[in-house]
Amino acid sequence: MHEELIEWGKWARNNPDKLSYKSQWYEMIMRGNVPMPSKGYLMNDDRGLQIDEAVTKLARYSLLQYQIFCFYYLCGMSERTIADKMDKRIIPRNRRNRVKQELDKAGAFIAGCLTG
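Okay, so the sequence shown: first residue is 1 according to full-length UniProt numbering, each after it adds one.
If you're looking for bench data, these hints aren't it; they were derived computationally from the structure. All C-beta atoms in this analysis are idealised placements derived from N, C-alpha and C, irrespective of residue type, glycine included. Just so you know, not all the hints are guaranteed correct.
[Said to hold, decoys possible] Simulated crosslink set (DMTMM-like; lysine to aspartate or glutamate; CA at most 20 Å straight-line): (1) Lys18 <-> Glu53; (2) Lys57 <-> Glu4; (3) Lys57 <-> Asp84; (4) Lys100 <-> Glu79; (5) Lys57 <-> Asp17; (6) Lys100 <-> Asp87; (7) Lys100 <-> Glu3; (8) Lys105 <-> Asp17; (9) Lys85 <-> Asp104; (10) Lys18 <-> Glu4; (11) Lys105 <-> Asp45; (12) Lys105 <-> Glu79; (13) Lys18 <-> Asp45; (14) Lys57 <-> Asp45; (15) Lys100 <-> Asp46; (16) Lys57 <-> Asp104; (17) Lys18 <-> Glu7; (18) Lys105 <-> Asp52; (19) Lys18 <-> Asp52; (20) Lys105 <-> Glu4; (21) Lys105 <-> Asp46; (22) Lys57 <-> Asp46; (23) Lys100 <-> Glu4; (24) Lys100 <-> Asp84.
[Stated by the list, open to error] Pairwise CB distance ranges (calculated): (25) Lys18 <-> Ala111: 19 to 25 Å; (26) Leu42 <-> Pro92: 22 to 28 Å; (27) Ile6 <-> Thr56: 17 to 23 Å; (28) His2 <-> Arg96: 14 to 20 Å; (29) Glu3 <-> Thr81: 29 to 35 Å; (30) Ile90 <-> Lys57: 32 to 38 Å; (31) Gly112 <-> Leu42: 22 to 28 Å; (32) Ala108 <-> Asp45: 32 to 38 Å; (33) Arg96 <-> Asp17: 19 to 25 Å; (34) Asp45 <-> Pro92: 37 to 43 Å; (35) Tyr61 <-> Lys18: 28 to 34 Å.
Using the sequences and the hints, build the whole thing.
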C-alpha cells in the first residue's frame with residue numbers, strides 16, 4: 001500500500017486538475033510550489049481518483065492526519081522534517097513518534113476506504 005500511495009502522490013502532482021478537492025495542496029501544485037519534483041508515475045487515472053476520494057474522506061475525518069499524509073506523500077517530506085515543522089502546541093512532545101503514528105493511522109484509514 002505504501003508504494004501505491006507514493007505513486008498517488010506523483011499522480012496528484014502531475015494531474016492537479018483531476019483532484020476531487022480544491023485545497024491548499026491544489027493551489028500549491030497549480031503554482032508549481034510542491035517541493036518534490038515528479039519523475040513520472042505508474043498509476044492509472046481510475047485508481048488515482050479512488051485514492052484521491054479516500055484522501056478527501058480522510059480530510060473530513062482528521063485534519064491532522066490529512067496534513068501529515070499530504071506532507072509525506074504529496075510533498076515528499078520525511079517524517080523527521082514533518083515533526084520538526086509541527087507546531088509544539090499541536091503535538092507538544094515526542095513529535096517524531098506521533099507523526100509516525102498519525103501517518104500509520106492515515107494509511108490504514110485510506111486502505112479501509114479502498115477495501116470497503
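Structure-based check of each hint:
1. Lys18 <-> Glu53: 11 Å, holds
2. Lys57 <-> Glu4: 18 Å, holds
3. Lys57 <-> Asp84: Not OK: lysine 57 and aspartate 84 at ~26 Å, beyond 20 Å, violated.
4. Lys100 <-> Glu79: 7 Å, holds
5. Lys57 <-> Asp17: Holds, because 18 Å separates the two Cα atoms, which is no more than 20 Å.
6. Lys100 <-> Asp87: The hint holds at about 16 Å.
7. Lys100 <-> Glu3: Roughly 16 Å separates the two Cα atoms, so the pair holds.
8. Lys105 <-> Asp17: Violated: lysine 105 and aspartate 17 sit about 27 Å apart, past 20 Å.
9. Lys85 <-> Asp104: Holds, at roughly 18 Å.
10. Lys18 <-> Glu4: Given that 20 Å is the threshold and the Cα spacing comes to 18 Å, the pair holds.
11. Lys105 <-> Asp45: 25 Å, violated
12. Lys105 <-> Glu79: Roughly 14 Å between the alpha carbons, so the hint for lysine 105 and glutamate 79 holds.
13. Lys18 <-> Asp45: Distance of about 8 Å is within 20 Å: holds.
14. Lys57 <-> Asp45: Given pair lysine 57, aspartate 45 holds - Cα atoms ~18 Å apart, limit 20 Å.
15. Lys100 <-> Asp46: Violated, at about 28 Å.
16. Lys57 <-> Asp104: 16 Å, holds
17. Lys18 <-> Glu7: Holds: lysine 18 and glutamate 7 sit about 15 Å apart, inside 20 Å.
18. Lys105 <-> Asp52: Measuring from Cα to Cα gives roughly 17 Å; hence the hint holds.
19. Lys18 <-> Asp52: 9 Å, holds
20. Lys105 <-> Glu4: Roughly 16 Å between the alpha carbons, so the hint for lysine 105 and glutamate 4 holds.
21. Lys105 <-> Asp46: 24 Å, violated
22. Lys57 <-> Asp46: Holds, at about 17 Å.
23. Lys100 <-> Glu4: 18 Å, holds
24. Lys100 <-> Asp84: Status holds; Cα separation ~13 Å.
25. Lys18 <-> Ala111: 19 to 25 Å: 21 Å, holds
26. Leu42 <-> Pro92: 22 to 28 Å: Because 39 Å falls outside the window, the suggested range is violated.
27. Ile6 <-> Thr56: 17 to 23 Å: 19 Å, holds
28. His2 <-> Arg96: 14 to 20 Å: 18 Å, holds
29. Glu3 <-> Thr81: 29 to 35 Å: Violated, at about 20 Å.
30. Ile90 <-> Lys57: 32 to 38 Å: At roughly 22 Å between Cβ atoms, lysine 57 and isoleucine 90 fall outside 32 to 38 Å, so the hint is violated.
31. Gly112 <-> Leu42: 22 to 28 Å: Holds: the Cβ-Cβ distance is about 23 Å, inside 22 to 28 Å.
32. Ala108 <-> Asp45: 32 to 38 Å: 25 Å, violated
33. Arg96 <-> Asp17: 19 to 25 Å: 35 Å, violated
34. Asp45 <-> Pro92: 37 to 43 Å: Given a distance of about 41 Å, which is inside 37 to 43 Å, the answer is holds.
35. Tyr61 <-> Lys18: 28 to 34 Å: Roughly 22 Å apart at Cβ, these two residues miss the hinted range, so it is violated.
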